Each structure stands twice: as C-alpha cells, then as structure tokens.
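Asks: Single-letter residue listing:
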Amino acid sequence: MHADPKGVLTGIHFIDGDHAACEGALAAGCRFVAGYPITPSTEVVERFASRIPLVGGVFIQMEDEIASSIAILGGAWAGKKVMTVTSGPGLSLMMEHIGLAVITETPCVIVDVQRGGPSTGLPTLPAQADLMQVKWGSHGDYEIIALSPNSPQECFDLMIKAFNLAETYRVPVFFMMDEVVGHMTERVEIPAPEDIDVVDRKWTTKKPGEYNVYQAGADLVPEMVKAGDGYRIHVTGLTHDERGYPAMNPVAQDKLVRRLINKIRDHREDIVDVREDGVEGADVVVVSFGITSRVAQAAVEQARVRGVKVGHLRLVICWPFPATRIAQLAETAKAFVVPELNMGQMVLEVERAVCGRAAVLPIGHAGGTVHEPATILNKIMEAAQ
Amino acid sequence: MSGLPSLNANLEQEFGLINPVMPYLRQDRIPHIWCPGCGIGTTVNCFARALTDSGMDLDKVAIVSGIGCTGRVAGYMNLDSFHTTHGRAIPFATGLKLANPGMKVVVYSGDGDLTAIGGNHFVHAARRNMDLMIVCVNNFTYGMTGGQVAPTTPIGPTQTTMPYGNFENPFNLPFLADACGAVYVARWTVYHVKQLAKAMLDGLNKKGFVFIEAMSPCPTLYSRRNRLGDGVDQLKYYKEKSVIRNGADTKEVGIAYQGEIVVGKFVDRERPTWLDSMNSHFGSVFGDRFTPYGVTDGQE
Ligand SMILES: Cc1ncc(C[n+]2csc(CCOP(=O)(O)OP(=O)(O)O)c2C)c(N)n1
Ligand code: SF4
Ligand SMILES: [Mg+2]
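In order, the protein sequence lines correspond to chains L and Z. Per this note's numbering: the first sequence = residues 1 to 385. Per this note's numbering: the second sequence = residues 1 to 300.
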C-alpha cells in the first residue's frame, strides 16, 4: 500500500530528527498520538499537534505517560495507527503498558529520545542507556522490536519501517533516538506518497461468529478487527485463549507466551537489519548503533588509513539482536570493538554471540556527549594488535 | 446475576422464560466469579436493562474495565469489551473514544481502581469532559485483593491494612466528580435497582463525562470483617439509611460508617465535550480548511 498523501510533506526539508520522526509517523499513517512533554522528545508531539488538524486525526496531551501509553492502545483498538513519544523518566512510567500491548498484541510505536540517566539525569544531553530497558523493562517474558536511527533522514525513513513492523507483527515497536539525533538538523528528503510503502493493519476477512480474536495462522500473528465492527471482541491483559477469554492455567500460559515470543523469534532473520561496511574478513569489527555509529565510522576510516583491516557493523534494528551475523563474523574476526553511550549493554549481547571465539572490547560511556573518535580509534588499534 | 446456564435452560424449556439479561452476557463465560450476595451482578442487571431501554446499536457500545472484582464486568458483557490494567480504564477508554468517536464508551470499574490508582485519570477526564460514562461500583474496599483500605473506606471499619480501624478520611466521590466538571453525577445503591438502571440509561443518552456511583455490598470481605452480616443485611442497611435527595449539594453527600447514604441525581448540566471543543476551536482557527473530526468517523 502507498502512503496517504494527506500525511506526506513531499520535498526537501532542513529539519531536526524530532521533526523528521513526526513526519515519518504522519507519512506512515499515524493518526492518533497521546503524549506527555519531556525533553528531548517534546518537539515530536509539538509538531504532531500543529500538523494533525489539517491531516485529520487527533493529538491529546494526557496527564502523564502512564495515561499516554494506554490511551494509544485504546486508539489502536479503535482502528488507528498510534504512537506515543517520551524519554527516560516517561519510558519508565510506561512499562506496565508495554506488557499490556504485548499480551493484547496491539500495534503501536513508542518513541524514546534517549537522555542521560538514571532518574532525571541529564535531560538535555544524549545517552543510549535504555537499550536493555526497552527489551526487558516490563515484567514477564516477551519480545519486542526496536529501531535506532542515526540521522534526521533515518528518523523519517525508519519511522515508516517502525509502523510497518508494528502492524506486521502486532507488537510494540520502540524507536530509539537520542538527544543528538533528535536535535541535529540536516537535510531530509521526503519522497512522494506513491514511493512510500505502508503496511496496512492485518484486518480479518472473516465474519463475526467465524472470527476468534487471538487465533493465529502459520505466521503466529492473529488477524485484527476494531471496536465497533460487530465482532464483540474481548481483549484482556490476563492470560487468554484464542477467543480472548481469560484462561489462567499453565497450559494456556505456555501456549500464549510461546506464540508471543515465537512470532518474533521465528521471524528474527527477516526483521534483523544491519548496515555492514567491510566486515567480511576484517580482523576487527566495530559494532555500534544510533548516534555512536557516526562517531565510530570516523574512527573506522582513520584506522583503515593506518592499515588496519577493520569493518563496521551497525545495528539499524537493535532488537531482535543480529546474533547470527555476529556469530558468523566471529569465525574470522580477531576482535570486536563495541562503543555505546552506556556502561556496557549491547556488549553483553555481542559477547553472547561471539561466545569466546574472539576478543570483545567494550567502550562504555556514561552519556552526556558522544565518544571522542580518538577513543574508538585507540581501541581499534589495541584490538588489531 | 441470576443463575447457571442449566437453570436458565430449564426455565426456557419448561416455562418459555428467558432471563432478559442473558443476551447481554457472554453466556459461555458463565458462571461468573462473584461471591454469593455480592452486589456487582445486580449492577450488571441494571446495566443490561439500561442498554435495552436505550435501544442503542450494541455493536457501537464498548465497555472498558480496570482490574478488580468489578473490573471483571467487561469480560462478561457481550459487547466490544476491554479488560485493561489497574487504574487505567479511563485513559484506555479515552483513546478508544477519540480514535472512534462513533462509539459509546462505558467505563465500568471499582472504587479503588477508579479513584486510588486511577484518581489522576479520573479528575482529568472529568475536567476535559471526555465523552465517557463511568460506572463506579463502590464497595468501600479492595475486593479482589482481599479487603484492603480504599480511598472510599469510611473512618472506623477495619480493613486488612487498617487492622485497628480506618483513620484516613475518605473521598466523597460525587463531590469530586462534580468539582472536576462531570456533566452528570448520580449515586444509587443496589437496593435501588430501578433508579440505578434509569441513571445508567440517562448516562448512555448523555454526552460528556457521566459519573454514576453504585453502592454495592462486599459480604465476603468488608461485611464479614466488620460483622455487618451478609449481602441481605447490607441491602437492609441501604434500604433503611438511604435518603433520596435529587439535586443535593454534592458537598453534603459524604458517607460515614453505616451512616446515612444520600442517593439521587445530583448534577445534570451541559458542557461541550473535549471533541466538540476541539472541532469548534479548529473550525474557528482554520475555517474551511478544517474538516470536523469524528463527525462521520465510526459511522462508516
Ligand atoms: C499496578 C497494580 N497494582 C496492584 C494491583 C492489585 N490489585 C488488583 S485489584 C486491586 C484493587 C481492586 O479494588 P477495587 O478497584 O475497589 O475493585 P473491587 O475488587 O473492590 O471491585 C488491586 C490493588 C494490580 N492488579 N495492579
Ligand atoms: S470479594 Fe467482595 S466484591 Fe469481590 S466478588 Fe466477593 S463479594 Fe463481590
Ligand atoms: Mg472496591
């Protein structure tokens, strides 16, 4: 399906990542946003609030992030594509509803423009320390999808992908920006609507009476309906059967939780998205995501000038993690260098995939600014020894 | 709530009688979880009556609950029904309503759910005049979790977390709803089934934030713990100590332990809803460039 022209500002723009993310959401068909202001994410909802009246849709500033994160779930069950936008403290408040979105299989996008933490931390400065929280923050076992753009252009492009993934797999999808990507202004090209591929909701073609709200086929993703269509659905956060009715026993739990997890794990290789630069046969592989990938790229290029066979693997999608690809590279690489704006989160996944076959050198950072390219360069040189 | 399916089937076969509530329930989910003497089922009967009398297209009515004994109501109603998280039925319902304004959205939950953990959402939805009908089953306690103190518990009775008697001041819920801007505020008990059903009918027909408090016994926890007898004894209390005072000043309708219960319709006024305000405001700002939102939505 093509994008609805009403939401698409085709042309060349000079805007920051927050604004580009908003345009991406509008182009993807998002027509309901509930949010609560928080630096450095607020510009996303401010732009949405100013754009939506003439596009057709609703923005509401709720009383807090708990409310925002469940209002969008109501909006999704009423048939809209939905998004909420926040940063660390708000993300922490949303956690119960990440679980609700997972268990009710409600497509939604949660934008997290990361800032330094813990707690109020560094409201106006960057970090990448929510990587594990988006994956594990709500209680119980589950899988989600998370993307991490490194430029305003990608804030637009990947936002469309984020909505498409949310609709395809019916999971909450995190859009992990950071303060620098959110506030950096660059050229952003918005294509014509017919050049933007948009995935529609997986609406059922079954009639009321034939349809079970949580009956899934081979892809493990059930078809959806919306309130008001006569299906008289029941949707609950309790463990439920295919009819959506509470079924609180170990058998039903096993069936549901396995399906919720496997609908992502079984499609992991389809979902994974990495950008590779000279990784094949490299002695050293730098693994990065988000804003850090831009600093790392500079360091990689400097190291090449010094004769190091170094590659760069950048995660465009952080979750699911590209463990298979990293394991392959571990067959030939001597070392992996892992810079990230946190004290060592993604590196745990890299270590898990490498599984002792190569050295793994973390470059932690407490956040507040980006790495110095020299720090990464030095680590690459050390790894190449 | 009446009866098991077998009993119903017998009535139907032998006497040609159909329990008029049954079509409104998900019959494959009966028997329900509520205790004998619990008042929640009575409120559901009233709600079913109100739905019948409203003549509404039931495909366009959604019910949203939080978590609690009352929170289970959504799961039994044969409507589009959503059982959400504790305290958050109102913001879920807000999203549902705003994204499909053609729906009538009813929030049905407990006193703890709506006014303790969900209190912030309650006051803001009333302030905004969000077009939602709120049914609050007030049993003075947290039923689902075993009888802890609630923001509605009067001073005096014991609760598991107020083992020496409650010393916290309770909310007067009609006053709270009134002060925050609700356009319709009523309180009835499960003794007043006709009036409660009528209030629910009023609520279904009213646009804006409607608040209906349904006083309801929890014989298993609140009554037993405080030696107040069974469900019937609580009904007797409601019967003897209720006074109907329509239009009463909501400031004056607080409830003391086993004290007088002022019931009635306290508030019935008009205010533009959130969506009406949005549409008229954007209409004046953007003129013809603005297409009123939700006017055809939901009627596709
Ligand atoms: C976040 C969260 N905190 C606590 C609970 C546990 N809990 C479930 S129901 C409930 C209270 C229910 O009381 P009320 O809303 O009055 O409903 P009732 O059972 O009395 O009808 C609590 C505390 C929960 N489910 N979720
Ligand atoms: S515990 Fe109380 S409120 Fe809950 S079902 Fe039993 S009687 Fe009703
Ligand atoms: Mg209660």
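I should point out that these hints are in silico values taken from the structure, not numbers from a laboratory. Take these hints with a grain of salt, some might be off.
[Claimed, not checked] Restricting the straight-line Cα-Cα distance to at most 30 Å, the calculated cross-link-like pairs of lysine-lysine (BS3-like) are:
#1 L:226 / Z:206
#2 L:207 / Z:198
#3 Z:198 / Z:251
#4 Z:239 / L:206
#5 Z:239 / Z:251
#6 Z:60 / L:202
Being a predicted model, the structure only gives us computed values, none of them experimental.
Asks: Return the numbers of the hints above that this structure violates; sort them in rising order.
Replies: 2, 4
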